[in-house]
Amino acid sequence: MGDARGWRMALLPDTLVNPPRPLRPPPAALPDVLGLLETCGYGVLQLPPAGEHRLLLAVIADQIAEYAHHGYAVLAIGVRGEPGGGGLHWRRLATLLRRRGAALPPRHLIRPDVDAGREGQRLAALLASYDLPAAEQRRWRV
Amino acid sequence: MEQSPPRKVALMAHCLLNQNAKVCEGARYRGVVNPVVETLRARGYLLLQLPCPELAFAGARRWWAVYEQYDTPAYRAHCRRLAQAIAPLIERHLRAGDEVILIGLDGSPSTGVRFTSSRPDWGGRPNRPEDDWEIVPRRGVWIEELESELARRGLPPVPATGWALDMGRFDEAGSRRDLEQFLDGRERDTAPRHENPAPPRGENPAPPRGENPAPPHGEDPAAP
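Residue numbers (our numbering), protein chains in the order written: chain H, 1 to 142; chain X, 143 to 366.
Quick caveat, the hints were computed from the structure, so don't treat them as lab data.
Just so you know, not all the hints are guaranteed correct.
Said to hold, decoys possible - Label pairs and their in silico Cβ distance ranges:
#1 X:P230 to H:E136: 46 to 54 angstroms
#2 X:F312 to H:H108: 30 to 38 angstroms
#3 X:G327 to H:D131: 38 to 46 angstroms
#4 H:D3 to X:G266: 36 to 44 angstroms
#5 H:R139 to X:G316: 32 to 40 angstroms
#6 X:D263 to H:P83: 28 to 36 angstroms
#7 X:E322 to H:A94: 22 to 30 angstroms
#8 H:A124 to X:C166: 38 to 46 angstroms
#9 X:P230 to H:P133: 33 to 41 angstroms
#10 X:N269 to H:V114: 38 to 46 angstroms
#11 X:R267 to H:L126: 40 to 48 angstroms
#12 X:P230 to H:A124: 46 to 54 angstroms
#13 H:R100 to X:P230: 20 to 28 angstroms
#14 H:L126 to X:N176: 33 to 41 angstroms
Glycine residues also receive a C-beta, built at the ideal position from the N, C-alpha and C atoms.
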């Protein structure tokens, strides 16, 4: 039996998994990030909405570290202007990941104040090109 | 202050949004399981991804396993920690009167809803010559622990079904029909929905679960 996994995934704030109602469908000010990720073969790690989620963020950090240590490419996609560094609980995650020996993933922030189509194209280009170095891929992805 | 209207929320097995969490050879999609996401979004559901208990416990390079191998005190304690992490978000929705459903992964030893995989004699060197586990009508370990945590908080059972990804023979069209039937049934059953939100903490709702573990689209639950 084959395995179809794409080996790439994105951390997403809740607001990009569940865009606010007036923005749907299709979002007027935010691109359909979930749709783009599906098209580009990325998985999703959903972050909780703003607030205190200490235990849940620790659990999510465990998972990010496990992926990062085993050949998966992890990217963070946030929304500029959202609290928590784009809705990503960024400072908290930085601490949690450091304790687990993992680095913060690269972060891409979507601008809600510009054309959603162009923002979608910018994100799609990043998603298409982003991955681990070839040597890392060969090491893990057999 | 204006009260927000009730919403529809789908608790999603982690790997329905991220197939990278699957055990080796278990991923049928590159990342997002689009048929599930598309069906839920088209019906107005918000998505809430559950943590993956197996990934965080046994790692990304874990062996395949059956229910009995994960039915251990240590794994159940791990699942309870995860349940305590996600339960506050679920509780918030239920107490607000939102309609909450759960989409698990049928056949999974952890996330199975209607069915899990069973083979009491699995263990030792992982060299089984073929897929010789059985599918039995039962929750997976993680779903059992998650439901226990919600019950401990005095919350009503969440209507649940499973995407039949780990049943041995995966039939996407049949699984999609199953899911749509489940959601259509919810629409019918909850016509005057949102009128009975979860009671305040301390009151015991205690309704029976009352779900029918019928095999998905005609599969024999005893078949491997």
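Are D263 of chain X and P83 of chain H spaced within 28 to 36 angstroms by their CB atoms? Hint violated: Cβ distance 52 angstroms, outside 28 to 36 angstroms.
Take the C-beta atom of G327 of chain X and the C-beta atom of D131 of chain H, compute their distance, and say whether it sits inside 38 to 46 angstroms. The hint (38 to 46 angstroms, Cβ to Cβ) holds, given that G327 of chain X and D131 of chain H are roughly 42 angstroms apart.
V114 of chain H and N269 of chain X - C-beta distance against the hinted 38 to 46 angstroms: Check failed, 56 angstroms falls outside 38 to 46 angstroms.
Taking the Cβ atom of E322 of chain X and the Cβ atom of A94 of chain H, is their distance within the range 22 to 30 angstroms? Hint violated: Cβ distance 42 angstroms, outside 22 to 30 angstroms.
Is the hinted range of 46 to 54 angstroms satisfied by the C-beta distance from P230 of chain X to A124 of chain H? violated (35 angstroms)
Measuring from beta carbon to beta carbon, are L126 of chain H and N176 of chain X in 33 to 41 angstroms? At 21 angstroms between Cβs, range violated.
Supplied distance hint 20 to 28 angstroms, evaluated on CB atoms of R100 of chain H and P230 of chain X: holds (23 angstroms)
Okay, P230 of chain X versus E136 of chain H on CB: inside 46 to 54 angstroms? Given about 37 angstroms between the Cβ atoms, the range is violated.
Return holds or violated for the Cβ distance of R139 of chain H and G316 of chain X against the range 32 to 40 angstroms. holds (38 angstroms)
Should the hint that R267 of chain X and L126 of chain H are 40 to 48 angstroms apart at their CB atoms be regarded as holding? holds (44 angstroms)
Do the Cβ positions of F312 of chain X and H108 of chain H conform to the proposed distance bound of 30 to 38 angstroms? holds (33 angstroms)
Go ahead and decide if the range 36 to 44 angstroms is satisfied by the Cβ distance of D3 of chain H to G266 of chain X. violated (24 angstroms)
Hint violations for this structure: numbers 1, 4, 6, 7, 8, 10, 12 and 14, all remaining hints satisfied.
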